[in-house]
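Peer 1: Each chain, letter by letter, is given below.
Protein chains: 2
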Amino acid sequence: MPNPTAAMLVIGDEILSGRTRDANMHHLAGELTGHGVTLCEARIVSDDRAAIVAAVKALSKAYDHVFTSGGIGPTHDDITADCIAEAFGVPIDVRDDARAILQARYDAMGTDLNEARLRMARIPDGAELIENPVSGAPGFTLKNVHVMAGVPSVFQAMVATILPTITGGDPVLSQALSIMRGEGDLAGPVAKLAEDFPDLSIGSYPFQRNGAFGAQIVIRGTDGARVDAAMTRLAAEFAE
Amino acid sequence: MPNPTAAMLVIGDEILSGRTRDANMHHLAGELTGHGVTLCEARIVSDDRAAIVAAVKALSKAYDHVFTSGGIGPTHDDITADCIAEAFGVPIDVRDDARAILQARYDAMGTDLNEARLRMARIPDGAELIENPVSGAPGFTLKNVHVMAGVPSVFQAMVATILPTITGGDPVLSQALSIMRGEGDLAGPVAKLAEDFPDLSIGSYPFQRNGAFGAQIVIRGTDGARVDAAMTRLAAEFAE
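If you're matching them up, the sequences are chains Y and R in order. Residues in the first sequence are numbered from 1 upward in steps of one, following the numbering used here. Residues in the second sequence are numbered from 241 upward in steps of one, following the numbering used here.
Honestly, I wouldn't trust all of these hints.
[As the list claims (entries may be wrong)] Pairwise CB distance ranges (calculated):
id: 1; chain 1: Y; residue 1: Glu131; chain 2: R; residue 2: Asp463; range: 39 to 47 Å
id: 2; chain 1: Y; residue 1: Phe207; chain 2: R; residue 2: Gly350; range: 45 to 53 Å
id: 3; chain 1: R; residue 1: Thr405; chain 2: Y; residue 2: Arg209; range: 29 to 37 Å
id: 4; chain 1: Y; residue 1: Thr165; chain 2: R; residue 2: Gly274; range: 39 to 47 Å
[Claimed, not checked] Where chain R lies over chain Y, by a calculated footprint (3+ residues, C-beta under 8 Å):
id: 5; region: 64-76
id: 6; region: 87-95
id: 7; region: 109-115
id: 8; region: 185-191
id: 9; region: 201-212
id: 10; region: 222-235
Worth flagging that the hints you see were computed from the coordinates, not collected in a lab. Even glycine gets a Cβ: it sits at the ideal position worked out from N, Cα and C.
When you get a sec, could you build the whole thing from the sequences and use the hints?
Peer 2: Below, the structure written as structure tokens:
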């Protein structure tokens, strides 16, 4: 059975304006690969209701799982929860269990659970909460969409919570070989290798080092023996 | 007139597997912001023909410009040029002007322009070449899609070539203020500010520093005096 598929949706103007560099996608990609879930696509959209709703609909239909980051805080530009509710056509309101989590958190800190903070207890009907051990305000899962915070430490904690609940496939193993030859010299033999190992994914990633051209050939697959066999042949062909 | 819109399409398994972290999107985002082009969306897809074709079609229809990175090298997994041709329903073949560029390059290096390298001269009918001062093989523009290499040094050189040919709008100016208060305390006043300055984009980006919560409030817009006015009010409200 093929591994389950996933997409990530990063929500936030700050990535698209170049102000910050996304870290969550890279983290999730590595975690999913180790868990045997294939990340097929990622999208980054701005804090725009129509764009978020359209992306959630498209991705949740196309893939087994969707992971979102960003837009679940207390400020006016945090509209993700409402967009998820709209995408699935379900009501959304402050929910008692989420409110209780926030109340306990802010009571302990001596902080007022004001109207803005209470927005973080707005959860679409039918969703399950995702615990947030870092800052309290929970994420949630609705259908196949896992809604998480954008702050990297919170995002990572939520991923660690949610991933064990997802049935993964075989972890994808990979081996890489860097070869100091132009990609044009490697292309023929590597294409032949890919043809002979159709069960593996073989990629070529060119680089420059001290002015010379090289490429890293990455062989990926779920069967370790097959990855070994392909790598052995590649290494023998390009033994220096 | 609103600024022109753009999307970026990053093509490559290596980002989605977590092996490498994308650098090109972040670079392009900053360049476009300075040039007065609004980056509205980014997508990352794997080296999969159907996925690339579908994304190119959707994005080129939705936005004024599409910038792609990756998949235009000589190896078997480089399928971007063919996918662009398919998306627009035009033929693709080795083109004389692109071949001449490669021939001159490899002649100078004493390297054979073999069959694999010649693939890099495959250009869809009707496209204009984008110069590649770093490693020779050109990118191209077809309709509103600018097709560039994935290697960051080459991508950046191509962006520098193509950007001056694109009519931009007013550069987006931004000012940021970091406030060591929880977002929940800032949310009310910041929402009011956003309401009073509907021509500006005001975002709140929470962070943790030494265990304390803070948020960076970013005010963006094309009218510097308006950005100044909003920032002056924000600073006055949260003067320590």
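Peer 1: Run every hint past the structure and note whether it holds.
Peer 2: Comparing the hints with the structure gives:
no.: 1; hint: Y/Glu131 / R/Asp463: 39 to 47 Å; verdict: 43 Å, holds
no.: 2; hint: Y/Phe207 / R/Gly350: 45 to 53 Å; verdict: 21 Å, violated
no.: 3; hint: R/Thr405 / Y/Arg209: 29 to 37 Å; verdict: 32 Å, holds
no.: 4; hint: Y/Thr165 / R/Gly274: 39 to 47 Å; verdict: 43 Å, holds
no.: 5; hint: 64-76; verdict: holds (count 4)
no.: 6; hint: 87-95; verdict: violated (count 0)
no.: 7; hint: 109-115; verdict: holds (count 3)
no.: 8; hint: 185-191; verdict: holds (count 6)
no.: 9; hint: 201-212; verdict: holds (count 8)
no.: 10; hint: 222-235; verdict: violated (count 0)
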